[in-house]
Amino acid sequence: MKEESGKRFKFAIVTPSHAPDYERCRMLVKSVRKFISGNATHYIIVNKKDKKLFKTLEGGNIEIVSEELILPWWLKRLPCRISGKNVWLNFKGAPVRGWIIQQLIKLASAQIIPADIFIFVDSDVSFIKPVDFQQYFMRDDKVRLFRKYGGSDKRWDNSTSKLLGLPLGNCSNVSYVGPVIAWRRDNLLALCDYLQENSNKNWIEIIASTWHVSEYSLYGHFVDNIIGDNNGHYHDENPYCHQHDWVDGNKPSSLSKEQISDFFSTIDSEDIAIMISSAAGIPAKKYDHYINDILSRREVSNHHKIT
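All you need for my numbering is the position in the sequence shown, starting with 1, plus 1191.
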């Protein structure tokens, strides 16, 4: 699976989003336009009803894609929330949580997006320095895969083991979850084929019927435990993102004005991005001036390679 040495890869930044995250996504798009160089297109995937709103962000290397182009006809979003949650009708099984739909969108994105490498970045992330993905995420034609020991979710571990046909516990104590994640398209397509061949059932049906699943855990364990040594990745445990996020299953807290200031003052020199999780419930307008300041004062200069 090793590519020809020196090959220039085509990159896709993939961001599933929706109207409540529009302002966060707008800041992400500004940072992509400012800092992302090289052969990269940013695909923002939204529901048809939100497409008109997000079309205001389109242009240059930014493309807006409808969820309906990626998901099958038998998955339909309900027009209203149930108990505050997004729920999708599944005409082939039980209703599906919106959170699982996000996982499906990422896993299915390789079916329609023509890129070699996928960089998954959620709406609540913004880049804060110049990044050439070829320099940052490639080493000897291998793609950086975030992996760290500890911090995994037992429910995701067990679900991943079952889906991949691995012994229960085989996927424990390893996490592939992070704010800026790189995958290979060929491996992603191979994962979908593997799920389907092992169950004789459409792979989307399999994921849609799984209550707890992490797309990052599923892909990470597939390439490490099923494909093995020739999976085209190298490992790195540094997320290179300054983040206020979930910790050990605990929802991130809200931040005061002073705490937000402290957050932005403690960015590490190696970080290429920041994230204030939307789960913290902090309106973007409370911190967007910090990001706008970074965008206005940072000039595109030398790229520092992640090694």
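Be aware that one or more of the hints could be misleading.
[Said to hold, decoys possible] The following label-pair restraints were derived from C-beta to C-beta distances:
1) Asn1349 with Gln1326: 33 to 41 Å
2) Gly1360 with Lys1240: 22 to 30 Å
3) Gly1284 with Leu1357: 34 to 42 Å
4) Glu1388 with Ser1456: 49 to 57 Å
[Said to hold, decoys possible] Straight-line distance between alpha carbons at most 27 Å, and here's what the computed DSSO-like set of lysine-lysine pairs gives:
5) Lys1246 with Lys1267
6) Lys1201 with Lys1333
7) Lys1242 with Lys1267
8) Lys1320 with Lys1198
9) Lys1225 with Lys1392
10) Lys1201 with Lys1242
Because the hints were derived from the structure by calculation, they are not lab data. Values in this document were obtained by computation on a predicted structure and should not be read as measured data. Using N, Cα and C, we set each Cβ at its ideal position, and we do this for glycine too.
Requested in this report: Decide if the proposed pair is consistent with the structure: Lys1320 and Lys1198, CA atoms, cutoff 27 Å inclusive.
Outcome: holds, 24 Å
**Report entry** Given pair status - Lys1242, Lys1201, alpha carbons within 27 Å
**Finding:** With a Cα-Cα distance of about 25 Å, the restraint between Lys1201 and Lys1242 holds, given a limit of 27 Å.
Query - Proposed proximity, Lys1333 with Lys1201 (alpha carbon, max 27 Å) - result: The given pair, whose Cα atoms are some 14 Å apart, holds under the 27 Å limit.
Query raised in the report: Has the given pair, Lys1225 with Lys1392, been kept, meaning a C-alpha gap of at most 27 Å?
Result: Roughly 43 Å between the alpha carbons, so the hint for Lys1225 and Lys1392 is violated.
Query raised in the report: So the hint says 49 to 57 Å: do the beta-carbon atoms of Glu1388 and Ser1456 match that?
Result: Roughly 51 Å apart at Cβ, these two residues keep to the hinted range, so it holds.
**Report entry** Restraint check for Lys1246 with Lys1267, where alpha carbons must lie at most 27 Å apart
**Finding:** holds, 22 Å
Requested in this report: Go ahead and decide if the range 22 to 30 Å is satisfied by the Cβ distance of Gly1360 to Lys1240.
Outcome: violated, 43 Å
Query raised in the report: Does the hinted range 33 to 41 Å hold for Asn1349 and Gln1326 at CB?
Result: holds, 38 Å
Requested in this report: Given the hint of 34 to 42 Å, check if Gly1284 and Leu1357 actually sit that far apart at their C-beta atoms.
Outcome: violated, 24 Å
Query raised in the report: Are the Cα positions of Lys1242 and Lys1267 separated by 27 Å at most?
Result: holds, 16 Å
Violated hints for the displayed structure, listed by number in ascending order: 2, 3 and 9.
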